[in-house]
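*Asks:* Chain residues, written in single-letter form:
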Amino acid sequence: MAEKILMKGNEALAEAAIQAGCLRFFGYPITPQTELAAYMAKRMPKIGGTYLQAESEISAINMVQGAAAAGVRAMTSSSSPGISLKTEGISYMCGADLPALIINVQRGGPGLGGIQPSQSDYWQATKAPGHGDLHILVFAPSSVQEMADLVGHAFDTADKYRMPAMILADGMLGQMMEPVELKSGDNAAKQDKPWAACGHENKREHNIVNSLYLQANELEAKIKERFERYKIIEDNETMCDEYMMEDAEYVVVAYGASSRIARAAVREARRNGIKAGLIRPITLWPFPKKDIAAAAKNAKAFLCVEMSMGQMVDDVRLAIECSRPVSFFGHTGGIIPDPAEVLAEIEKLSGGAK
Amino acid sequence: MKDMNALIAGFGGQGSLFMGKVIAYAGLIDGKEVSWLPSYGPEMRGGTANCSVCISDEPVCSPLVNSPNLLIAMNLPSFDKFIGAVVSGGTVIVDSTLVEKKSDRTDIDAYYIPATALAEENGLKGLANIVLIGKMLAVSGFSTIETLEKALGKVVPPKKQHLIAKNIDAIKLGMKA
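These protein sequence lines are chains A and B, in that order.
Plus 127 on top of the position in the first sequence (first one is 1) and you've got my numbering.
Plus 54 on top of the position in the second sequence (first one is 1) and you've got my numbering.
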């Protein structure tokens, strides 16, 4: 077992990517993710990889697209306003079936917003990370260790299904230090990518990587094939974590940083005799609908806790087919909720402390 | 020891973030759950730098400390801003060389030590922050001096490891202060 060291979430994401065999990083600085790019700038040249600071986020994502098309493990990272700039490239990569990793260390929006932690890009990440009929894989870690662990998994899953993956973190997770144990690079997958446009030496037909299909029939068929894949992903790749859910009557649903706050509140509610529990989606797309639907059997009410105005609430309502009330508590604009506030909401739902 | 939720605050350059890292590493070496969260927002533009450090037997849920049970205040703005947030029964350690004020709260344990002056008088200029860690160790018993020495070994960059002995002197000075 490797020794645990203290690392910032941003640095852990970077080192984990290197351990997972990422060789190309293209980025552009933005608070609160800059440590990630800075770490890559230091490390990449030493391992024979590439760190390149592009002239803009749009350039960076298109460089990722190029590297991915050549079959290389490539990534970019940014924070909310920068991710908006990358959405065109993300859509193109979806349309060309290209795997890559995009990291969003969220800050408050809209616009330039603020630089403090936020989860207000949930809709963007899970509903429309670019134009067109598409999905990307979205992973939401809640600790520095999980940030490190999900990087390799995100790369592998992106390769497996040939699509972009996003790690949706936030300024709190990016800036905080926690003990982390990094896995060595032995398991960095060497995926066979017969589709890659990486030089054919006249030994095979050349590969074309493209997202333009002018024949409507052809484009529809392509998209339908992709949605077949999305269905397989929804059936097989959903991840979530449960805490004190065995007999939970009041179910909190929260992900990432706010799930940590919610967990403290649930623990306190249990001490006060309230049957509270927590479901923590780890994949936001695919969304853990079945696990949330299963929780509705014992549940009297659901509560979403987010650092936004409640962007996940409708997904929970759909998962349980509106069979129970779903309320919301959160802060936005860069304010991290306090466990006591969440506890008060749980107590309100349950009709007061028991 | 019960959970420690510490807030360490001062001007940028006084070493409050470094102190936090040493304290967090000590917790890690002692086998505890720990977290360290720096302020990086607009408050930094005002010249203050602070960090939250949690040490617990259970996984740390909220790394952001709004209500510290341990406050280290290294300048007046930090003292004024956070003294009211300390939980009842909490501990406050103040560098009285730089903060002349005293709190009128009677429900907290407050220690006023001239850390900056002490460090300078003892040939340890620039190590007032480590003197404060020594005081914190003496009043809270959150770790041991042996653990802190190991923690310093982790946090001090390789090229500056020869300075660890002076840091240990600073801790001892703070423990007696």
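Hints in this document: simulated from the structure, not taken from any laboratory.
Any given hint might turn out to be false.
As the list claims (entries may be wrong) - List of simulated lysine-lysine pairs, BS3-like, C-alpha gap at most 30 Å:
id: 1; chain 1: A; residue 1: Lys320; chain 2: A; residue 2: Lys330
id: 2; chain 1: B; residue 1: Lys208; chain 2: B; residue 2: Lys230
id: 3; chain 1: B; residue 1: Lys230; chain 2: B; residue 2: Lys220
id: 4; chain 1: A; residue 1: Lys417; chain 2: A; residue 2: Lys349
id: 5; chain 1: A; residue 1: Lys310; chain 2: B; residue 2: Lys226
id: 6; chain 1: B; residue 1: Lys208; chain 2: B; residue 2: Lys179
id: 7; chain 1: B; residue 1: Lys226; chain 2: A; residue 2: Lys169
id: 8; chain 1: A; residue 1: Lys475; chain 2: A; residue 2: Lys402
id: 9; chain 1: B; residue 1: Lys179; chain 2: B; residue 2: Lys213
id: 10; chain 1: A; residue 1: Lys131; chain 2: B; residue 2: Lys156
id: 11; chain 1: B; residue 1: Lys155; chain 2: B; residue 2: Lys214
id: 12; chain 1: A; residue 1: Lys131; chain 2: A; residue 2: Lys254
id: 13; chain 1: B; residue 1: Lys226; chain 2: B; residue 2: Lys213
id: 14; chain 1: A; residue 1: Lys416; chain 2: A; residue 2: Lys427
id: 15; chain 1: B; residue 1: Lys56; chain 2: A; residue 2: Lys173
id: 16; chain 1: B; residue 1: Lys220; chain 2: A; residue 2: Lys310
id: 17; chain 1: A; residue 1: Lys131; chain 2: B; residue 2: Lys155
id: 18; chain 1: B; residue 1: Lys208; chain 2: A; residue 2: Lys169
id: 19; chain 1: A; residue 1: Lys169; chain 2: B; residue 2: Lys214
id: 20; chain 1: A; residue 1: Lys131; chain 2: B; residue 2: Lys135
id: 21; chain 1: A; residue 1: Lys310; chain 2: B; residue 2: Lys204
id: 22; chain 1: A; residue 1: Lys131; chain 2: B; residue 2: Lys56
id: 23; chain 1: A; residue 1: Lys427; chain 2: A; residue 2: Lys351
id: 24; chain 1: B; residue 1: Lys213; chain 2: A; residue 2: Lys310
id: 25; chain 1: A; residue 1: Lys424; chain 2: A; residue 2: Lys475
id: 26; chain 1: A; residue 1: Lys402; chain 2: B; residue 2: Lys56
id: 27; chain 1: B; residue 1: Lys155; chain 2: A; residue 2: Lys169
id: 28; chain 1: B; residue 1: Lys179; chain 2: A; residue 2: Lys173
Keep in mind that this is a model prediction, so the values were computed, not measured.
*Asks:* Run every hint past the structure and note whether it holds.
*Replies:* So, going through the hints one by one against the coordinates:
At roughly 16 Å between alpha-carbon atoms, A/Lys320 and A/Lys330 fall within 30 Å of each other, so this suggested pair holds. For the hint linking B/Lys208 to B/Lys230, the alpha-carbon distance of about 25 Å falls within 30 Å, and the restraint holds. Taking the CA atoms of B/Lys230 and B/Lys220, the gap is about 16 Å. The hint holds against a cut of 30 Å. For the hint linking A/Lys417 to A/Lys349, the alpha-carbon distance of about 28 Å falls within 30 Å, and the restraint holds.
In summary, the hint linking A/Lys310 to B/Lys226 is not supported, as the alpha carbons are separated by about 38 Å, beyond the 30 Å threshold. Note on B/Lys208 and B/Lys179: the hinted pairing holds, with a Cα-Cα distance of about 22 Å set against a maximum of 30 Å. For the given pair, B/Lys226 sits about 37 Å from A/Lys169 by alpha-carbon distance, which is inconsistent with the 30 Å threshold. With a C-alpha separation of about 13 Å, the suggested pair A/Lys475 and A/Lys402 falls inside the 30 Å cut-off, and the hint holds.
Distance hint between B/Lys179 and B/Lys213 is fulfilled; the C-alpha atoms sit about 19 Å from each other, no more than 30 Å. Taking the CA atoms of A/Lys131 and B/Lys156, the gap is about 40 Å. The hint is violated against a cut of 30 Å. Simply put, B/Lys155 and B/Lys214 have alpha-carbon atoms about 35 Å apart, too far for the 30 Å limit, and the pair is violated. Note on A/Lys131 and A/Lys254: the hinted pairing is violated, with a Cα-Cα distance of about 37 Å set against a maximum of 30 Å.
Of the pairs offered as hints, the one joining B/Lys226 and B/Lys213 holds, with about 23 Å between alpha carbons and a cut-off of 30 Å not exceeded. Note on A/Lys416 and A/Lys427: the hinted pairing holds, with a Cα-Cα distance of about 17 Å set against a maximum of 30 Å. Between the alpha carbons of B/Lys56 and A/Lys173 the distance comes to roughly 43 Å, so the proposed pair goes past 30 Å and is violated. Under the criterion of a C-alpha separation no larger than 30 Å, the hint pairing B/Lys220 with A/Lys310 is inconsistent with the structure, at around 35 Å.
Straight-line distance between C-alpha atoms of A/Lys131 and B/Lys155 comes to about 41 Å, which puts the hinted pair past the 30 Å bound. With a CA separation close to 20 Å, the supplied pair B/Lys208 and A/Lys169 stays within the 30 Å bound. Of the pairs offered as hints, the one joining A/Lys169 and B/Lys214 holds, with about 20 Å between alpha carbons and a cut-off of 30 Å not exceeded. As the CA atoms of A/Lys131 and B/Lys135 are separated by approximately 34 Å, the hinted pair breaks the 30 Å bound.
Proposed proximity of A/Lys310 and B/Lys204 is supported: the alpha carbons are some 24 Å apart, at most 30 Å. In summary, the hint linking A/Lys131 to B/Lys56 is supported, as the alpha carbons are separated by about 23 Å, within the 30 Å threshold. The suggested pairing of A/Lys427 with A/Lys351 is violated, with an alpha-carbon distance near 38 Å, which exceeds 30 Å. The straight-line distance between the Cα atoms of B/Lys213 and A/Lys310 is roughly 27 Å, inside the 30 Å bound, and the hint therefore holds.
Note on A/Lys424 and A/Lys475: the hinted pairing holds, with a Cα-Cα distance of about 21 Å set against a maximum of 30 Å. With a C-alpha separation of about 26 Å, the suggested pair A/Lys402 and B/Lys56 falls inside the 30 Å cut-off, and the hint holds. Straight-line distance between C-alpha atoms of B/Lys155 and A/Lys169 comes to about 44 Å, which puts the hinted pair past the 30 Å bound. Straight-line distance between C-alpha atoms of B/Lys179 and A/Lys173 comes to about 37 Å, which puts the hinted pair past the 30 Å bound.
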